[in-house]
Structure formats: C-alpha cells, structure tokens
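If you're matching positions, the sequence shown starts at 1 in full-length UniProt numbering and goes up one per residue.
Calculated from the structure, these hints are not laboratory results. Treat the hints with caution; some may be incorrect.
Within a straight-line C-alpha distance of at most 30 Å, the following computed DSS-like cross-link-like pairs (lysine-lysine) qualify [unchecked claim]:
#	residue 1	residue 2
1	Lys69	Lys18
2	Lys448	Lys387
3	Lys289	Lys454
4	Lys454	Lys387
5	Lys289	Lys174
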Amino acid sequence: MWSLGYYTSPLLITFLYKRGYLVADSVGTLAKFGTGIGLLVAVSLCMRGLGRSMNVVYVRFAECLENAKRGGGGNQDQDAVKNTIRRYDFDFRAWPVDFTVTSSVQRAQTPRNKPLWISSLPCQILAYLAIHTFGIRMIYPGSVQLLQNYIEPMLLQGRTKVITQDKGRRNKVKTADGNGIDTMFVDNREKSTNGRTLVICSEGNAGFYEIGIMSTPIELQYSVLGWNHPGFAGSSGRPYPDQDQNAIDAVLQFAITDLGFTPENIILYGWSIGGYSTLYAASQYPDVKGVVLDATFDDVLQLALPRMPESISNIVKIAIRDYVNLNNTELISQYNGPVMLIRRLEDEIICSDDGVLGTNRGNFLLINMLKYRFPNIFKPEQENLAKEILSKPLEFLRNDSEDLCLSLLMSYLSDNGNNGTSRSYPIEIGEEYTSEQRDSMVKFLIKKHLQDFKSTHCTPLPREFFQHPWEIPSDTDFVFT
C-alpha cells in the first residue's frame with residue numbers, strides 16, 4: 001500500500017490540486033480525512049496484533065525469533081537455533097544477522113577528467129536528480145517496490161523450492177556500509193566432486209536468486225551461493241555501485257570465512273548487469289578459480305546512449321560516469337584468471353541495435369579483454385577481423401591451426417617463465433608473427449573464450465553451456481611443433 005501511494009503520489013497531488021483541496025479552506029477536510037485513515041490503520045494494526053497473539057504457530061515463531069536474536073542462550077547450539085528460525089519465512093528486516101563484515105577491501109579510485117565545473121553545473125544538477133530519483137530504478141528495475149510486490153508470490157515459491165528440494169540455507173550478511181544482504185547457500189560438498197567448487201551467482205537488473213541463475217549450477221551439483229542486490233527483495237539499501245561492491249565483497253568474505261571455501265575453489269558467475277558485480281569481485285579476489293559471464297556488456301554507457309534522446313546525451317554521460325559507472329572493460333583487465341563469455345544470439349537487451357549481432361556489447365568486452373591480454377596479436381587489422389568474426393554466429397568460424405596455436409602459446413609461456421598458476425597478463429607473444437599467423441591466433445582465442453547460445457536475453461541457461469573457463473595449459477610435456 002505504501003509503495004502504491006509513493007509511486008502514485010504525483011498523480012494524487014495533481015488531482016487534489018485541481019479539485020481545490022490544497023488551499024487553506026480545505027485544511028479541515030483534509031485533516032478529517034487524514035484522521036479517518038489514521039484510525040483505520042490503528043484499528044487494523046490492533047486487530048492484526050490480537051490475531052497473532054491467539055495464533056499458536058505465530059507465538060512459537062516469535063519465541064524462536066527472539067531466541068535467535070539473543071544467540072540461543074544457555075547450552076543451546078547456535079546452529080540449531082539458526083536452523084529453527086530457517087523453518088519460517090518472514091520479513092527479512094527482522095532476520096538476525098548471520099555474518100558481519102569486519103573490514104572491506106580497498107577500492108582503487110579511477111581518476112576521471114571532468115569538464116569545467118561552472119560550465120557543466122546545470123547538467124551536473126540534472127544528472128544528480130535523474131539518477132537519485134528515477135534513473136537508478138530504470139537501470140535496476142528490480143529495486144522498484146511495486147514490481148517486488150507483484151512478483152512476491154513467485155519469489156516465495158522459488159525460495160521454498162530451493163530450501164525444501166535443494167536443502168538451501170538462507171543467511172543475512174551485513175556489509176561494511178550496514179546493508180543486510182539476503183543470501184541463499186546450497187551445499188553439495190558431500191554429494192559430488194563438483195560440490196567442492198562454490199559458484200557465486202550475481203543476478204541481472206531485475207533478477208532475484210529465488211527465480212534466477214542459481215538453477216543451472218545447482219543442476220550440475222555445484223555448491224551454490226546466490227544473493228540479491230541491495231534494494232532487491234530481502235536485501236536493504238539501493239543498488240548504487242558502491243553499495244553493490246560492498247555487497248559482493250561481503251558475500252565473498254562470507255563464502256571464505258564462514259562457509260569455508262578457498263578462493264581457488266570459487267567460480268564467479270554473472271548474468272547481464274550481474275557481470276559488473278562478478279568482475280568487481282574478480283578484480284578484488286584475483287585467486288578465484290574462474291569467471292563465467294552470461295549476456296553481459298562492456299560499458300553500460302554504450303547501452304544507455306542509444307536508448308535515450310540525443311538531446312540529453314550530455315546529461316546521460318555525466319549521470320553514468322559520475323554515479324553509475326558500470327565499466328566492465330576496466331574491471332576485466334584487472335583479473336588475470338580464466339574467463340568464459342556466453343553470448344546470446346537473439347539478445348534484445350545487450351545489442352545496441354536490435355537484431356544486429358555485431359552490435360552485441362559482449363563482443364566488445366571480449367575484444368577489449370583479448371586486446372589487453374595479447375596486445376601483439378590484436379593489432380588494428382586483427383581487431384577488425386575479430387569484429388567481422390563476431391558479427392556472425394561462431395558456427396561459421398573455421399580454423400585449421402588450433403593445435404599449432406595452442407603449441408605456440410604453451411611454448412612461449414614455458415620459454416618466458418609465465419607458465420605457473422599465477423600467470424600474469426599481458427602476454428607479449430606474436431610480435432614477430434605474420435598477419436596470417438595473427439589471424440589464426442585471433443580465431444583460436446575467440447573460440448576458446450566465447451560460447452554462442454541461440455536464445456533471447458532472459459531464457460534460463462541450459463546446463464551444457466555452464467563450463468569451466470578455458471585457460472592455457474601449463475603442462476609442456478607434449479608440445480606440437
């Protein structure tokens with residue numbers, strides 16, 4: 001009711017103004033109306049309290065909740081107390097905190113060249129107002145309370161399924177900035193070898209772990225940790241970049257400290273805008289096992305500009321760069337581990353031009369990553385070749401030199417002392433190559449880092465597409481020459 005009133009308040013105020021209620025003569029009428037509404041709310045709350053006090057199940061729940069908030073007390077096992085409270089589904093704001101971050105990772109601030117402050121002041125003001133009113137909700141529609149109220153039955157059903165069928169455990173993780181993040185953990189360590197690896201799932205801009213991407217790694221019997229962005233469902237806060245960074249940092253610390261997974265046994269999996277959270281985590285935890293990015297982009301500004309009127313492009317640029325700078329290209333260059341990108345061939349969201357595969361922003365993220373990692377391979381001529389290759393499905397890509405390309409990479413790394421588990425980029429291979437050799441290597445690297453999935457943006461990812469990211473083998477015992 002509150003969210004409905006909040007989002008319809010401009011219409012309500014306009015209606016009252018046109019009807020003449022917002023004048024001094026109407027104060028008495030408005031006061032009577034407000035008093036009547038207040039009494040109705042008070043009576044409703046009293047009736048609800050009375051009904052709850054007479055409900056045996058609710059009374060038992062209230063006792064369990066108070067016991068959990070006190071930490072059990074006496075000789076009671078704290079885990080047993082937590083498991084008792086997990087039998088109930090209730091307002092997550094009242095859920096006891098299960099894990100609190102003691103310290104946050106230090107974020108490197110990227111300096112930005114801004115235009116002269118005085119000349120840009122009107123645009124700066126408009127950009128600030130836009131982002132802090134409707135802008136952040138346009139970028140993250142899942143944070144709109146009205147939408148959450150509409151899909152609440154689906155969220156409850158999905159949460160119940162994970163808890164009852166997959167033995168999921170719900171936890172509240174408190175971030176460095178005080179937000180409570182709603183998480184769900186499925187522990188498969190005792191069920192399969194895949195279960196020794198934890199997959200941390202970061203959802204899209206209208207995605208929730210209850211009905212999101214967790215299902216794919218769960219099917220494959222991985223241990224899985226899902227979480228909701230700040231402001232989504234049970235998570236408090238707003239999905240501004242700093243709060244989202246603190247959230248994924250808290251989730252990683254929870255996974256390592258409380259759940260007992262080492263970074264080397266963690267795969268970060270992000271879908272759509274969740275690719276930003278995933279790559280930020282990878283940049284701060286460089287020892288993670290790998291990164292899987294599904295239907296994500298290089299820079300959110302490149303998606304925002306084509307969808308907004310050209311007349312306000314300057315305001316859009318300031319709003320994005322100053323307040324919601326989701327630049328995945330910058331982050332992916334700070335991670336040296338294996339990365340796999342999944343591109344959806346019929347993606348209607350990530351393409352700058354609808355239906356044009358060559359404008360899929362995932363193409364540019366892949367090219368920028370490979371350009372950084374293999375600068376002597378991706379010369380301007382090869383960059384153009386890569387764009388041409390990526391304008392078509394990968395099924396049309398042919399390369400008869402794959403074994404040779406792999407051999408050359410392995411030999412180069414072995415000869416240059418970059419062949420261990422702590423491999424670093426950029427790799428300077430290819431400086432003396434011919435154009436044909438570079439072309440072959442471009443085709444090889446694209447196929448090793450990208451999968452095509454014939455689907456639209458929101459289709460659940462089939463299990464066969466979720467694979468460990470490829471990395472250059474370190475074993476040089478068998479090298480093709």
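Inset, instruction - Any hints from earlier that this structure breaks? Give me their numbers in increasing order, please. - result: Hint 1 is the one this structure does not satisfy, whereas the remaining hints hold.
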